[in-house]
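There are 2 protein chains.
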Amino acid sequence: RMQNSRSKPCSCPSLKLREVASMYFTMVAAFLVILVVALQGSAPRESDFPYKVPLDPQGLLELSWNVSYPEQAVHFQLLIRQLQFGLLFGMSDRGEFENADLAVLWSDGHNSYFGDAWSDAKGQLHMDSQQDYQLLGARRAPEGLYLLFRRAFSTCDPKDYLIEDGTVHLIYGILEKPVSSLQAINISALHGGLQRVQLLKPNISIPELPSDMKTMEITAPDVVIPSQETTYWCYVAELPAGFPKHHIIMYEPVVTAGNEALVHHMEVFQCAAEFDSFPHYNGPCDSKMKPDRLNYCRHVLAAWAMGAQAFYYPEEAGLAFGGPGSSRYLRLEIHYHNPLVFKGRRDSSGIRLYYTATLRPYDAGIMELGLVYTPVMAIPPGEDNFILTGYCTDKCTQLALPAAGIRIFASQLHTHLAGRKVVTVLSRDGRERQVVNADGHYSPHFQEIRMLKEVVAVFPGDELITTCTYNTEDRSRATVGGFGILEEMCVNYVHYYPQTQLELCKSAVDPGYLRRYFNLVNRFNDEEICMCPQVSVPEQFYSIPWNTFNRDVLKSLYSFAPISVHCNKSSAVRFPGEWEKQPLPSITERLPEPVPRCPPASGPQPAAPEPLNLGQLRRD
Amino acid sequence: RMQNSRSKPCSCPSLKLREVASMYFTMVAAFLVILVVALQGSAPRESDFPYKVPLDPQGLLELSWNVSYPEQAVHFQLLIRQLQFGLLFGMSDRGEFENADLAVLWSDGHNSYFGDAWSDAKGQLHMDSQQDYQLLGARRAPEGLYLLFRRAFSTCDPKDYLIEDGTVHLIYGILEKPVSSLQAINISALHGGLQRVQLLKPNISIPELPSDMKTMEITAPDVVIPSQETTYWCYVAELPAGFPKHHIIMYEPVVTAGNEALVHHMEVFQCAAEFDSFPHYNGPCDSKMKPDRLNYCRHVLAAWAMGAQAFYYPEEAGLAFGGPGSSRYLRLEIHYHNPLVFKGRRDSSGIRLYYTATLRPYDAGIMELGLVYTPVMAIPPGEDNFILTGYCTDKCTQLALPAAGIRIFASQLHTHLAGRKVVTVLSRDGRERQVVNADGHYSPHFQEIRMLKEVVAVFPGDELITTCTYNTEDRSRATVGGFGILEEMCVNYVHYYPQTQLELCKSAVDPGYLRRYFNLVNRFNDEEICMCPQVSVPEQFYSIPWNTFNRDVLKSLYSFAPISVHCNKSSAVRFPGEWEKQPLPSITERLPEPVPRCPPASGPQPAAPEPLNLGQLRRD
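Which chain is which? The protein sequence lines are S and R, in order.
Quick note: to get the working numbering, add 1 to the position in the first sequence (first position is 1).
Quick note: to get the working numbering, add 1 to the position in the second sequence (first position is 1).
Keep in mind that the hints are not guaranteed to be accurate.
Since the list can't tell identical chains apart, any single copy or any two copies may satisfy a pair.
Listed below are the simulated DMTMM-like cross-link pairs for lysine to aspartate or glutamate, each with C-alpha atoms no more than 25 Å apart in a straight line [unchecked claim]:
hint: 1; residue 1: K556; residue 2: E384
hint: 2; residue 1: K582; residue 2: D430
hint: 3; residue 1: K556; residue 2: E590
hint: 4; residue 1: K178; residue 2: E97
hint: 5; residue 1: K123; residue 2: D430
hint: 6; residue 1: K160; residue 2: E590
hint: 7; residue 1: K556; residue 2: D511
hint: 8; residue 1: K123; residue 2: E433
It is worth saying that the hints were derived from the structure and are not from the lab.
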């Protein structure tokens, strides 16, 4: 590591000074003519804030927002149903209250104040030197107080959160007592929580819907929500006998009124066609009573998560269901999140499918990108950002995609509990061209199908590279790839059209090279470790004495060793060809890091050349 | 690698637009009332610009400057002896004209303009959106035109060079024809060059000098500078017989008038005391006629490089010379840099030593930090920034330093041709505390003894960690550690007091672990490589088939394997103790990266909370 300078770290005004300055501002503000910020006339229309999510499990705080891409800003409308002495609202990397970027409304009992603040690593609040949560208005209504404010995506204030595509962890806290100043707020004593949303919804025009469109609701049959924090509820529905092939062209959530804060996410799966019938189960998914056969209901038809809106297929495509070769059985899965352990709440939420018999030109398909579910891909324990990458190679797309290519229009990222970031990049001729989907604040607890801002065209010979970042700081042994909840996955389910035979385009390190790694660890380290070939790969990973060398060499292996490519028609059937010991795709040109747009810094002079009078320049 | 966003890279105004805007400014400027920027009255005193260096080998451009640490700015005075149609002056990473930060004076034949510009990766000039070279004045004098301008260390304009401690590569170019605009300047056709300087000279108060101070000039005896680009001249001088012990307390360069641009650097070495006499040689250092014994004249007494000023010892210390146990023979080495191949220039440059018989409280000492000169530390070929680190461990300082510690007051960094950066950091209890010396633009062609801005106190138990960054992109085989010019070193000669027995505190990787690495490379790679133990370490490094895996694993080895520590009284005698297979010092806390001070960005609102009138907050 290189130090650039031998100077001491840049001095910041001490905390004391900051506090004094901020108190001064507060006092000045109190003597100012009180600014009445109030909207005149009627309330803003609901369409002004098309996205809505409850922040707390009781639904006392309700956030609506809109996104302006031309302005590169989000407008928020926050409804506070029972305002006490103010509240905190903000964003942080993963929902923590430390190092958070906050808009704060507080009252000292006499006056109320609004300001942009930040919390340090210890959770202490500070006024921001640059006020980027801009208050636009406040309005009393029978249901509560509405606060309207605006925030640019990026502010270039290093204390501010950068609003990006993908998951944003919103945090809130309620002030139950008056406070003399912002600095006096004790975050640890607040009643607060977090809510995950995709803040930057894509700006997509809604395709025209056909006149013969029908709807079908797949909803829970008046379920009593269990009085426990987490429940996955399973319910099997059945299509009518002889239901012919249709295209699903849209779906939307149906959430029972009052349960908005409890219904966390819902998915509809189609069961496997190879079984004639499935039991009509209705109960918790983890119950001992749940029939095993329901494990064969895994083909996603629709998925919704809190904060998401209706999902529209592009007008050229629809998702086929019904007809021969397609199961009539559907499984609805609802994740109830009930942290306050409400009892006896009844729920009939679900998903409303909009479908048509007038088939669109293309069937939509779903393709799995990323890593094969195999223990050869493993993460050492104690890592804060270990990276694994899965490749869909040029050879596979060359073979499996039509010459006209496919169009990816939506994506669902998937890892298990250690996943922190996921990104898929499209590369062509060794040059990264486009991000297919990225989530730098990915949470395994918030897996939505997301419409892409821009449809991505993928052609034969393109490469799709999916990279996942994991955190295993709380684990004491290696985390291997696999199906178990404590094993890991790195998957991007991409939704595309026209449907092809390619269902799965993933990779894993060549097992022979992994054996060489185990041998190397055996020989390099002083300890006598039994990593005999007869021991399973997970056992070998579990027995490695993890140190920086064994960790670094595993990283080097994954970024060097050839791969085994799964270029499959279905999860068991490979396309013909040689798929073992394939070279890693080489990238010669990376996408540039996006540079956030900032207000231009005020330079000492304008950008014009300065004319001089020097007389005649040349001395002859 | 994680993409943070799926948005396209932030759009910048296209080059076209930039150019149009800049041309517009140029035109507006031409119609403005011509600004007469001229200093009234007499010329600035020389003491206003204490540092001076010729930029070009003919001395047509002469740069003087001063450094204001309170303002964090440098003031430049540039003397242009024969101005034609303008000139470029600026800074870049390593002296290249691409990606450079430039102040440009240009004339279209009628008017002259001054502006802050930058060159892109292709060398095309652009006006800077933020003007950070601020013109302060221009003045005609008999000797030429003086331009005065100012530049803040850091501007936070990403196109600007960040002025840091250590080497700065200055570049200049002369405009020999009028140009219609800044954009019309063709850099590749310019007559130009580079000059290395330490721009940020430390701000040190000069210690009081004793009344009995004497001087001695060690100068070349009217040498005819050879008409070739590079000459190292060697001249042996002799102290009078019976010369007793003195303290050198200061030295300064003596440069023959007119040769300022040719004398690149000079060093005075003391010869080894074990030989009674040395031949009085006077000739090129690489001549076949040079007596071998001169290789024993390596103890540095004084070193000067272009742009450096007088060197003062701290008032408590002096460098001992003379007296018993000290050789009477001194070797002066002068590096003449004569790229224009002037013929017949005579030179009597050298160094003037200021010394006193009234010995100061402490003898000053020189200690070598960094890497042992051994081939076990090697750099793969084709690397653009490969890092090697040498450790002076807590165990060694514990044993060798006095309880009151030592004070490091100066430092000379040293590598061979592949060196690009050098830094030494002081660590205590596993926490980095202070940068001893750092050069992020280090050049092996510019090795000065530099006074430290702040004296660094080192106590028993402290660790001194020296890190070098190398570039081997132009090499096709590994570069191993060693004495040869194509081998590498990583050394920091620190000057300190009081002198201790510790002359050398360096390290290298444990050779047993390196053998394991060779075995591992042998086994992991498919090729059959002969890296049998009877082959030398360099031969083994040369035979490695370099790929990312072998490279990464070597990095992992160097940052993991135990080290052999050289904690030596003289280069051959170790302090008693166990110095093999020592653990690498572990660093639990790094120094923060220095954050450059910038003009504050203009935020949308002041940092005061906004008072609101919401009526009574609490609804009872």
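Hints the structure fails to honour: Those not satisfied: there are none.
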